[in-house]
Amino acid sequence: MIPGTPLIEITYLVAAVLFILSLKWLSSPATARHGVWAGEIGMVLAVAGTLFYQGIVDYKWIAIALVLGAIIGVPLGNVQMTAVPQRTALSHAFGALCVTLVGTAEFYLRAPHVPPFMMSVLSLEVILGGLTVTGSLMAAGKLQEWLPQRPITYKGQNFVNLAMLAVAIGLAVYLVHDPSAMRLYPFMVGIALVFGVMLIIPIGGADMPTVISLLNSYAGLSAAAMGFVLNSKLLIVAGSLDGASGFILSVNMSKAMNRSFTNVLFGAFGQVQHVAAGAVEARPVRSATPEEAAAILSAANKVVIVPGYGMAVAQAQHKVRELYDTLTKRGVDVTFGIHPVAGRMPGHMNVLLAEADIPYDKLLDMDDVNGDLPQADVALVIGANDVTNPAARSDASSPIYGMPIIDVDKARTVMVIKRSMNPGFAGIDNPLYYLDNTLMLFGDAKAFVGSIVRELTGASGAHA
Amino acid sequence: MIQADLFNSLYVFILAAFIGFEVIRRVSPLLHTPLMSLTNALDAIAVVGAIILAGEHKSQLASVLGTIAIVAATSNAVGGFIITDRMLKMFKPSKAPKP
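Each protein sequence line maps, in turn, to chains W and A.
With my numbering applied, the first sequence corresponds to residues 1 to 464, in that order.
With my numbering applied, the second sequence corresponds to residues 1 to 99, in that order.
Think of the hints as simulated: they come from the structure by calculation, not from any bench.
Quantities reported herein were computed from a predicted structural model and do not represent experimental measurements.
Take these hints with a grain of salt, some might be off.
Unchecked claim - Here are some chain W residues pointing at chain A (derived, C-beta under 7 Å):
(1) S27
(2) I62
(3) D365
Stated by the list, open to error - A few chain W positions that, by computed beta-carbon distances, are all more than 12 Å from chain A:
(4) G42
(5) L249
(6) A300
(7) Y434
C-beta atoms are modelled at their ideal positions from N, C-alpha and C, and glycine is treated no differently.
Using the sequences and the hints given, assemble the complete structure.
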């Protein structure tokens, strides 16, 4: 329980207002950094206010824990930008861990006298929290490639998962009826923890943006439930903001993959991967050398670059910036088309390109860039595959049919940088590669873009 | 009394969820990664519950769990704000074309 003196309550109220302003200022890159400052001030105020709470009898461990948390937090805030997806997953795990531990402590402090409503939200708090802890750790492990990225599926997986969830909820219902059955509590939390692992096992890399958003939402909702248990309005506000944010992102991601939201919610992830690609016959493709690619690019007026996870893997973003600079200097209009699920988390490509110093007004989202593509001379696809697959528009038998894509095939010339003709992560053949206006540029993204840049600058040097 | 608390909390939850939807809907997809790290940092406000648990010392278990919870939440707050600011610093508009 957080019983407040007026002073503490005022710090909480101000913090809640600052948190809302913080997200409001994030709506535009121009004011976004104010948002961070507002959040920081709110956080410091609320923590400082709490330290004045008279029920606190011992400050030693609080101080040690705060310092230790800060010591762990600083390196976590300074990871490389390419590691942001796994860092984010890890922070979902930490947030949920805090909530689950506090919920557990509250249960043992109150049991066996826990009113039914209190027990219901407490169960919600620790079940959501528990599955988010292990689920997020699994997701972070897969993103960091400590665990195999490949989805692991087995027969009856959905049944096993649903049964586990049902047992956890059953235990929660029993505890609501009879909170004195304290020995059931560890089982409820334990099952939630195992469920989190089982939930992420069938997830492949391409589904990560959706999963991370969903875990974000769960972490927020469990924190809001904790607010109910502690009767803390500030926590309810922060938790519902986080929950709403994760929910909106999950809906965005599932739309961008043409999955229904219920399909995503009930853990039917990774289905796309099971659908084997049809017989891939060897069809002829046209390939080009860096010199040829450079010649086409230098003759263009308008170039759209479509990056994907492959760009991140190859660490090609800085070379891409050089290409952008070179072409822009020659008067070519260069923009970037970012698909919502490109990369491993929402907004992943934007962060990498911004890190490489590409102005954010050149980063267009899918709808805007699709309006531009018919006028584009060249669409350059770097490490993206499924999000450019025209089969999603035309081939009803394709596993990704109906998924919104970036219409690179509408550009006069399409160039695709790719390591080889192996199908992409989802194992789906991409008819884009066989089109008459498509040129395949085989090679490592970073090396290939580097060679194009050398060709372009070398050529201009020769003319000078 | 409990009943009144419950309804107060529900009102706060519903209103905050609506505000959350309206505010976050306006965040450009450009900034979705910083959005996630910022909401994560704000979520670390759960630390206030953990501080009280650890400080009240009502039971050994509560103090231990509360202390661990403070570490987890604080690292999230500190790390989350740092990385969000680092990301936002990188987003720059085009420079005005030089004559």
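With a cut-off of 7 Å on the beta carbons, see whether I62(W) makes it to chain A.
5 Å, holds
When the nearest CB of chain A is found for D365(W), is that gap smaller than 7 Å?
Holds: closest Cβ of chain A sits about 5 Å from D365(W), inside 7 Å.
Should the label of G42(W) as a non-interface residue stand, given a Cβ cut-off of 12 Å to chain A?
8 Å, violated
Check on Y434(W) being off the interface with chain A, judged by Cβ distance over 12 Å
Given a closest Cβ separation of 31 Å, the condition holds.
The output says A300(W) does not contact chain A. Does that hold with a beta carbon cutoff of 12 Å?
Answer for A300(W): holds, closest chain A Cβ roughly 19 Å.
Is the shortest C-beta separation between S27(W) and chain A less than 7 Å?
Check passed: Cβ of S27(W) comes within 4 Å of chain A, closer than 7 Å.
Just double-check L249(W) for me: nearest Cβ-Cβ distance to chain A has to come out over 12 Å.
The claim breaks: L249(W) does not keep its Cβ more than 12 Å from every Cβ of chain A (closest is about 6 Å).
Violated hints, listed in ascending order, are 4 and 5; each of the other numbered hints is respected by the structure.
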